[in-house]
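S.K.: Go by the hints and put chain B with the ligand onto chain A.
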Amino acid sequence: MKSINDRSQDIGPFVSQTDDAIIICRCEEITKGEIRQAIHDGMFTVNEIRRYLRAGMGLCQGQTCGKLVKNLIARELNVIPDQLDPATSRSPMRPVEMKVLGNEEVAHV
Amino acid sequence: MSKHMSKYNDVIIIGGGIIGNATAYYLAKKGLSVTVLEASKDIGIGGSSRNGGGVRQSGRDTRELPLAMWGIKNLWPGLSEELGVDVEYTQKGNLRLGKTAVHQKILQGLTDKAVSCGLDVRMINGDEIRAINPYLSEEVTCASWCPTDGHANPLTATLGYYKKARELGVRFITEAPCFELRKIKGVIRQVVTPDAIYEADKVLVAAGFDSRKILATVGIDVPMMPLKMECLVTEAEPPMFLQMLGTADADFYGHQSKHGSFVFGGSSGFEHLNKDNGSPISSSIGASCTCRGIIKYFPALADAKIVRAWAGWLDDCADHVPVISPVEEVPGLYIACAFSGHGFGIAPAVGYNVAEMIADGHSTIDLSALRYDRFKPKQ
Ligand SMILES: Cc1cc2nc3c(=O)[nH]c(=O)nc-3n(C[C@H](O)[C@H](O)[C@H](O)COP(=O)(O)OP(=O)(O)OC[C@H]3O[C@@H](n4cnc5c(N)ncnc54)[C@H](O)[C@@H]3O)c2cc1C
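Sequences listed follow chains A and B, in order. Going left to right, the first sequence walks through residues 1 to 109 as this note's numbering numbers them. Going left to right, the second sequence walks through residues 1 to 379 as this note's numbering numbers them.
No lab work stands behind these hints, which were simulated from the structure alone. Hints should not be assumed to be uniformly reliable.
Computed footprint of chain A on chain B, listed as stretches where at least three residues anywhere in the stretch have a Cβ under 8 Å from a Cβ of chain A [as the list claims (entries may be wrong)]:
{"id": "1", "stretch": "42 to 50"}
{"id": "2", "stretch": "158 to 165"}
{"id": "3", "stretch": "174 to 185"}
{"id": "4", "stretch": "280 to 288"}
{"id": "5", "stretch": "297 to 308"}
Pairs of lysine-lysine, PhoX-like flavour, derived with a Cα cap of 25 Å [what the hints assert, rightly or not]:
{"id": "6", "chain 1": "B", "residue 1": "LYS305", "chain 2": "A", "residue 2": "LYS99"}
{"id": "7", "chain 1": "B", "residue 1": "LYS213", "chain 2": "B", "residue 2": "LYS183"}
{"id": "8", "chain 1": "B", "residue 1": "LYS258", "chain 2": "B", "residue 2": "LYS305"}
{"id": "9", "chain 1": "B", "residue 1": "LYS41", "chain 2": "A", "residue 2": "LYS67"}
{"id": "10", "chain 1": "B", "residue 1": "LYS41", "chain 2": "A", "residue 2": "LYS32"}
{"id": "11", "chain 1": "B", "residue 1": "LYS30", "chain 2": "B", "residue 2": "LYS73"}
{"id": "12", "chain 1": "B", "residue 1": "LYS258", "chain 2": "A", "residue 2": "LYS32"}
{"id": "13", "chain 1": "A", "residue 1": "LYS99", "chain 2": "B", "residue 2": "LYS99"}
{"id": "14", "chain 1": "A", "residue 1": "LYS99", "chain 2": "B", "residue 2": "LYS296"}
{"id": "15", "chain 1": "B", "residue 1": "LYS73", "chain 2": "B", "residue 2": "LYS29"}
{"id": "16", "chain 1": "B", "residue 1": "LYS41", "chain 2": "B", "residue 2": "LYS213"}
{"id": "17", "chain 1": "A", "residue 1": "LYS99", "chain 2": "B", "residue 2": "LYS258"}
Label pairs and their computed distance ranges (CB to CB) [as the list claims (entries may be wrong)]:
{"id": "18", "chain 1": "A", "residue 1": "VAL100", "chain 2": "B", "residue 2": "ILE281", "range": "15 to 23 Å"}
{"id": "19", "chain 1": "B", "residue 1": "ASP120", "chain 2": "A", "residue 2": "ASN71", "range": "48 to 56 Å"}
{"id": "20", "chain 1": "B", "residue 1": "GLY126", "chain 2": "A", "residue 2": "VAL79", "range": "57 to 65 Å"}
For every residue, glycine included, the Cβ atom is placed at its ideal position computed from N, Cα and C.
For reference, chain A alone in the conformation it holds in the complex (with noise of 0.2 Å):
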């Protein structure tokens, strides 16, 4: 079993760290020491961490912050970071007014 997969592993206590104020997923305003914490209170991935903090949620869907992120939760965990799975992209490549993506209408040229 990867370690990463065993939830009750010991990652040792959280420790505030003197930058832990700096907004890591700008759009949702997530700082360092709440997805520091996050993961102290068990979410070891990216997914986990975008599902239970929002970061990685907002306008830019975590194109900025994917990479802090899991960097973060690296090196909280101790593994390299090759060994996480980026957060799941998803549809629409970026935001659509409602109207725009329910439009039934086809311009023919």
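M.R.: Then chain B with the ligand, alone, in the frame of chain A:
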């Protein structure tokens, strides 16, 4: 392949969705040792993180309604405090909307049934509807109104139960797909995964529609099929309304979350024919179709931007009602699956009552109408 034999537990739960996590939490609170095995890398990757967040009683089958009503009365109001995570429970009522005489008839039928079970739900007209939710279009002429229904955040509720259960000592193991159950001397004993065999006195199968394959290894069948459903979410909007919404036509359902985004679910009518059957991937037509449905009811949302769409599976039962039951043929084995698209709202009540069933042999709510052996061929 030599398998590592894992240490013994009181209970093994197969499936780390909200049902497995909630049951694990209530069992741990009773002092039992519990291991949860989750097939995927993420806790809560199934329907539990993909649903519309409805916590509703109205519209539910009379066999399921007692659980829904009990959970809303006894567990949901204190859940954020109990788990130490904001589950965003909002109890501001449910409007099930209609536009035609046919809709009115459907809604009246559902309302009459719920009233006979003691639920406060009633039919209201267009003016009464717009007094509750002024954003609804004039096309909406009737609705059933259940003031005690509501919604919550499925992501934080599912992971909140996980976090709290983990704190109480429940062991969670990811990437541990169970592919076989084994009896020893006529009772359940072993849960087999690719890496290890786990042993326990009692086993709960709570693996969504995959429960069917797992249960088949001890000769038990639950008649259910996977059914794909799609959802979408908008960017954060200013607060507009707090009710949960649905329609008689089932063209969409949803709510505005505490964050400000609108979470809506809907269907295109082609779900059962989807070419991607096998993985829950949103189709090219699903979100567009749902948007058209929403705009007809809420013209004001036409400019709201969709930031994300996704799909998930329902574990749709033959009679669209869950199976929550001990299994007589396999002493020590329990089932909680086939939620048919409404397992989130009742999840706390299910977890609580299944924990009682496993630990004490009986539960607060009588679950006998939800037994696994209720399915009979036609006469
Ligand atoms: C789009 C959509 C909208 C919905 N809307 C609502 C709503 O508004 N209100 C409501 O009440 N309900 C709703 N539901 C239903 C609700 O989401 C589910 O009923 C509920 O989440 C069921 O929880 P669960 O734990 O049984 O299943 P899941 O969350 O699916 O969990 C099952 C878990 O078992 C794991 N698993 C599978 N096979 C194995 C194996 N072999 N070994 C180990 N683990 C395994 C899976 O990976 C999964 O994590 C909706 C569902 C969908 C898909």
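S.K.: For every hint, state whether the structure bears it out.
M.R.: Do the hints match the structure? See the list:
Coverage of the stretch 42 to 50 of chain B by chain A holds in this model, with 5 residues showing a Cβ closer than 8 Å to a Cβ of that chain against a need of three. Under a criterion of three residues with beta carbons nearer than 8 Å to beta carbons of chain A, the stated coverage of the stretch 158 to 165 of chain B is upheld, 4 such residues being counted. Requiring three or more residues with a Cβ within less than 8 Å of a Cβ of chain A, the coverage given for the stretch 174 to 185 of chain B holds, as 3 such residues are present. Under the rule that three or more residues need a Cβ within less than 8 Å of chain A, the assignment of the stretch 280 to 288 of chain B holds, with 3 such residues.
Remark: the stretch 297 to 308 of chain B is confirmed as covered by chain A, as 8 of its residues place a Cβ nearer than 8 Å to a Cβ of that chain, reaching the required three. Pair hint LYS305 (chain B) plus LYS99 (chain A) holds up; C-alpha atoms about 9 Å apart against a cutoff of 25 Å. Using a Cα cut-off of 25 Å, the hinted pair LYS213 (chain B) and LYS183 (chain B) holds, with the two alpha carbons roughly 16 Å apart. With a C-alpha separation of about 17 Å, the suggested pairing of LYS258 (chain B) with LYS305 (chain B) holds against the 25 Å cut-off.
A hinted pair counts as satisfied when its Cα atoms are at most 25 Å apart, and LYS41 (chain B) with LYS67 (chain A) qualifies at roughly 18 Å. A distance of roughly 23 Å separates the Cα atoms of LYS41 (chain B) and LYS32 (chain A); the hinted pair therefore holds under the 25 Å criterion. Between LYS30 (chain B) and LYS73 (chain B), the direct Cα distance comes to roughly 21 Å. Compliance with the 25 Å bound is thereby established for this hinted pair. Using a Cα cut-off of 25 Å, the hinted pair LYS258 (chain B) and LYS32 (chain A) holds, with the two alpha carbons roughly 22 Å apart.
Pair hint LYS99 (chain A) plus LYS99 (chain B) holds up; C-alpha atoms about 21 Å apart against a cutoff of 25 Å. Only pairs whose Cα atoms come within 25 Å are accepted, and LYS99 (chain A) paired with LYS296 (chain B) is accepted, the gap being roughly 11 Å. Distance hint between LYS73 (chain B) and LYS29 (chain B) is fulfilled; the C-alpha atoms sit about 20 Å from each other, no more than 25 Å. A hinted pair counts as satisfied when its Cα atoms are at most 25 Å apart, and LYS41 (chain B) with LYS213 (chain B) qualifies at roughly 20 Å.
Proximity of LYS99 (chain A) to LYS258 (chain B) is assessed by CA-CA distance (about 24 Å); at most 25 Å being required, the pair is judged to hold. A hinted range of 15 to 23 Å for the beta carbons of VAL100 (chain A) and ILE281 (chain B) is consistent with their spacing of about 22 Å. One distance hint, 48 to 56 Å for the beta-carbon pair ASP120 (chain B) and ASN71 (chain A), holds here, with the actual separation near 51 Å. For the hinted restraint 57 to 65 Å between GLY126 (chain B) and VAL79 (chain A), the CB-CB distance of approximately 58 Å keeps it satisfied.
In the structure shown, no violation is registered for any of the earlier numbered hints.
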